[in-house]
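Asks: Sequence:
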Amino acid sequence: MSYRVAVRALCEFTAKVGDLDLRFTPSPTAQEGMAGHATVVSRRGAHYQAEVALLGQFQSLRVAGRADGYDPRENLLEEIKTHRGDIARIPDNHRQLHWAQAKVYGWLLCQSGDLDEIDLAVVYFNVITQKETSFRERFTAAQLRQFFERSCTRFIAWAEQEQAHRLARDAALRTLAFPHAQFRLGQRQLAESVYRAARDGHCLMAQATTGIGKTLGTLFPQLKAFAEQRLDRLFFLTAKTPGRRLALHALESLRSTQPGMPLRVLEHVARDKACEHPDKACHGESCPLAKGFYDRLPAARQAAVNLGWLDQAALREVARAHQVCPYYLSQELSRWADVVVCDYNYYFDMSALLYSLTQLNEWRVTLLVDEAHNLIERARSMYTAELDQARFEAMRRAAPKGLKSVLERVSRHWNQLHKDQHEAYQVYPLPPDLLLMALQKAVSAITDHLTDQPTGNDGELLQFYLDAMLFCRLAEAFGPHSLFDISRQPALRGRSHCTLCLRNIVPAPFLAPRFAASHSTTLFSATLSPAHYHADLLGLPADTPWLDVESPFLAEQLQVHAVSNLSTRYQDRERSLAPIAALLARQFAERPGNYLAFFSSYAYLQQVLEVFTRDHPAIQCWVQSRQMDEGQRQQFLEQFQAGGRGIGFAVLGGAFGEGIDLPGERLIGAFIATLGLPQINPINEQVKQRMDAMFGSGYDYTYLFPGLQKVVQAAGRVIRTLDDRGVVHLIDDRFNLATVRGLLPSWWHVQRSRLPSLPSTPARLDKPRPVPPMARLTAPAQGEASQPGLFDVPG
Numbered sequence: 001m002s003y004r005v006a007v008r009a010l011c012e013f014t015a016k017v018g019d020l021d022l023r024f025t026p027s028p029t030a031q032e033g034m035a036g037h038a039t040v041v042s043r044r045g046a047h048y049q050a051e052v053a054l055l056g057q058f059q060s061l062r063v064a065g066r067a068d069g070y071d072p073r074e075n076l077l078e079e080i081k082t083h084r085g086d087i088a089r090i091p092d093n094h095r096q097l098h099w100a101q102a103k104v105y106g107w108l109l110c111q112s113g114d115l116d117e118i119d120l121a122v123v124y125f126n127v128i129t130q131k132e133t134s135f136r137e138r139f140t141a142a143q144l145r146q147f148f149e150r151s152c153t154r155f156i157a158w159a160e161q162e163q164a165h166r167l168a169r170d171a172a173l174r175t176l177a178f179p180h181a182q183f184r185l186g187q188r189q190l191a192e193s194v195y196r197a198a199r200d201g202h203c204l205m206a207q208a209t210t211g212i213g214k215t216l217g218t219l220f221p222q223l224k225a226f227a228e229q230r231l232d233r234l235f236f237l238t239a240k241t242p243g244r245r246l247a248l249h250a251l252e253s254l255r256s257t258q259p260g261m262p263l264r265v266l267e268h269v270a271r272d273k274a275c276e277h278p279d280k281a282c283h284g285e286s287c288p289l290a291k292g293f294y295d296r297l298p299a300a301r302q303a304a305v306n307l308g309w310l311d312q313a314a315l316r317e318v319a320r321a322h323q324v325c326p327y328y329l330s331q332e333l334s335r336w337a338d339v340v341v342c343d344y345n346y347y348f349d350m351s352a353l354l355y356s357l358t359q360l361n362e363w364r365v366t367l368l369v370d371e372a373h374n375l376i377e378r379a380r381s382m383y384t385a386e387l388d389q390a391r392f393e394a395m396r397r398a399a400p401k402g403l404k405s406v407l408e409r410v411s412r413h414w415n416q417l418h419k420d421q422h423e424a425y426q427v428y429p430l431p432p433d434l435l436l437m438a439l440q441k442a443v444s445a446i447t448d449h450l451t452d453q454p455t456g457n458d459g460e461l462l463q464f465y466l467d468a469m470l471f472c473r474l475a476e477a478f479g480p481h482s483l484f485d486i487s488r489q490p491a492l493r494g495r496s497h498c499t500l501c502l503r504n505i506v507p508a509p510f511l512a513p514r515f516a517a518s519h520s521t522t523l524f525s526a527t528l529s530p531a532h533y534h535a536d537l538l539g540l541p542a543d544t545p546w547l548d549v550e551s552p553f554l555a556e557q558l559q560v561h562a563v564s565n566l567s568t569r570y571q572d573r574e575r576s577l578a579p580i581a582a583l584l585a586r587q588f589a590e591r592p593g594n595y596l597a598f599f600s601s602y603a604y605l606q607q608v609l610e611v612f613t614r615d616h617p618a619i620q621c622w623v624q625s626r627q628m629d630e631g632q633r634q635q636f637l638e639q640f641q642a643g644g645r646g647i648g649f650a651v652l653g654g655a656f657g658e659g660i661d662l663p664g665e666r667l668i669g670a671f672i673a674t675l676g677l678p679q680i681n682p683i684n685e686q687v688k689q690r691m692d693a694m695f696g697s698g699y700d701y702t703y704l705f706p707g708l709q710k711v712v713q714a715a716g717r718v719i720r721t722l723d724d725r726g727v728v729h730l731i732d733d734r735f736n737l738a739t740v741r742g743l744l745p746s747w748w749h750v751q752r753s754r755l756p757s758l759p760s761t762p763a764r765l766d767k768p769r770p771v772p773p774m775a776r777l778t779a780p781a782q783g784e785a786s787q788p789g790l791f792d793v794p795g
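If you're matching positions, the sequence shown starts at 1 in UniProt numbering and goes up one per residue.
Hints in this document: simulated from the structure, not taken from any laboratory.
Predicted, not measured: the structure shown is a model, and the values here were computed from it.
Fair warning: there could be bad hints in the mix.
[Claimed, not checked] Computed beta-carbon distance windows for the label pairs: (1) ASP92 to LYS419: 29 to 39 Å; (2) ALA542 to GLU574: 45 to 55 Å; (3) SER746 to ARG230: 30 to 40 Å.
[Unchecked claim] Result set (DSS-like, lysine-lysine): computed pairs, CA atoms no more than 30 Å apart in a straight line: (4) LYS419 to LYS401; (5) LYS441 to LYS404; (6) LYS419 to LYS131.
Glycine included, every Cβ here is placed at the ideal spot set by N, Cα and C.
Model the full assembly from the supplied sequences, consistent with the hints where possible.
Replies: Structure, rendered in structure tokens:
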């Protein structure tokens, strides 16, 4: 079997040596790099040959690439590299890589031109000074051939191992068995739809109630499709840590069906969670795990792929055994894992690792997007940039002298912007050209400064530099999908200051190319309704089908009561406190056990809590507080024990409104005293106007749909298994409106209830637009589901 590899990829795999060095030094942009190459070539004579295509073979490996330039008169082959600043700061491991590429190209040219020797040069071109620095050395063809064959031998051993792994992996996945005797109700329907999406290469939105086994029901069919669709990678993308844990648990259960199954699974976590030395900088002079990183990487990489199962703990053990940085070992292993479980941002943000690798390597990938209703807000934040004037002015006063003038120019234009703004918040049609030009000049000047002074710089200067670059980059892509707004803050030391924001509100233009780059994508959640809302904001293809998976739960398992004569609107909250407290106590008396009570804010929560603890001091309560860390959240959840009795007070949309699993008697009921509607404020009102202009349904897109998603997610904490029984009280008169009821799960039987001694209140809600027709998947007709039962299981 033959393999093909590019010269650059061959050298990156075999020639990287020395330290990991992540000290920030600006490098030329892609445009500057191309311009620099062109400048160097233009300085050579007409006889000079640029972009020389070369091809060679060693055993089963074909090596191809384009050498930057060859001068036949001097028998000189050049490898051209662009840089900024002092050439002495180019790391040694980079220089080693550059020479490796020159040597491989040198041998390929000697072989094709029948040369006995050749001069090689690595030419460094400074994009600022336009100066060339050339390092030149003569090699015999025999020397270059020896280097080439040694590099190829190392790569062939790895390539043969990888090819054998892929064949074994695909063979195992063809016979992969479902790990349980049977599917849950609805789980087969989900699995077959996911398989068809992977088979046919399209996107799918799947709404499936919490507790159905969505994670296993999506992973199993995606893996079954690997061999037939010649897929390279599966990325399981999550919003929160619990999603990663569920995915790893499901993958473990699948691997258990075939002991020793050759499926490499990698859990990739954030750098701050993986770092072993958070007090040290990422370079060999500071961190012992960065020193000699590339020297020890091959052995660590081999040990990791031999292990196969690489959750955070297992990867840490490999990294510790080989004394390498676990985070950057994980980044390297992202190239070689079959399944990567990680956060959304590693595929969807502007500099996403997995998306870059997919594009670079032309991988055929498939995506599973867990709890996909979260992707809208997460993506909005990925493509939003803010600049705070107070931080900027503090940084400007302490900035180096050489930057004073460009930063003062930014300051002048910034002050001019909001001089005539009388409102605390205002939206402008476009980002201001003069400020953008000043920011771009500041970025350029700071780039040159950091090139010459890479160490000893204030952290605020570097942070402004990164923020300003992002701001300028997003300004170039500004369109109807974003707002430019200015928020004025109260005067500080007699001077007002403001925050500039390029606020993304429709991430579709940024996400659509990411979906297009995948072979198939399945987005799944218990709350993906209505379909058009998610398709519009996420940029899904127009023909994306939407599946509402049949629930395995019966209406009798969950009593749902909607209070018809109580309002939780802000102006009515004072009157609602005593009735809500009385309802909580009455339900607790009828069926003692563990409950969760959700409120729209911490303030509202505290108001009800004070009344409840005053009137019912015998009932135990535990309370969510602001900014709870992971340990505190775990302590809160540990209060919910089988046989326990108490009420947990929490904020809707917070850490306990979704992604937690409290089956059986650990949680038997929930009270939801809000529709979850986002706060009415100037920003959301602007979003509503833009949503109305773009989609014709501003109120629904901004307030109603996001709010009801939180409600359904919170209620979904109650019924987790087929044996669970529970109750949910929806506390607000608007839950009885048809428009709101239509957004609640179809398997619920909502009963209207009244609180005694309270008058009726008229329910009001803006009328949403009718749901447009859209491709929709329903349960397969009888006969289709048995299409030879795509996923038949024993028993």
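Asks: In this structure, is the beta-carbon distance linking ALA542 and GLU574 contained in 45 to 55 Å?
Replies: holds, 48 Å
Asks: Given the hint that LYS419 pairs with LYS401, test it: the Cα-Cα distance must not exceed 30 Å.
Replies: Cα-Cα ~27 Å, so holds.
Asks: Starting from LYS419, check that the Cα of LYS131 is at most 30 Å away, please.
Replies: violated, 45 Å
Asks: Is the hinted range of 29 to 39 Å satisfied by the C-beta distance from ASP92 to LYS419?
Replies: violated, 52 Å
Asks: Would the hint linking LYS441 and LYS404 be met if the CA-CA limit is 30 Å?
Replies: holds, 12 Å
Asks: If you check the beta carbons of SER746 and ARG230, does the distance land in 30 to 40 Å?
Replies: holds, 38 Å
Violated hints for the displayed structure, listed by number in ascending order: 1, 6.
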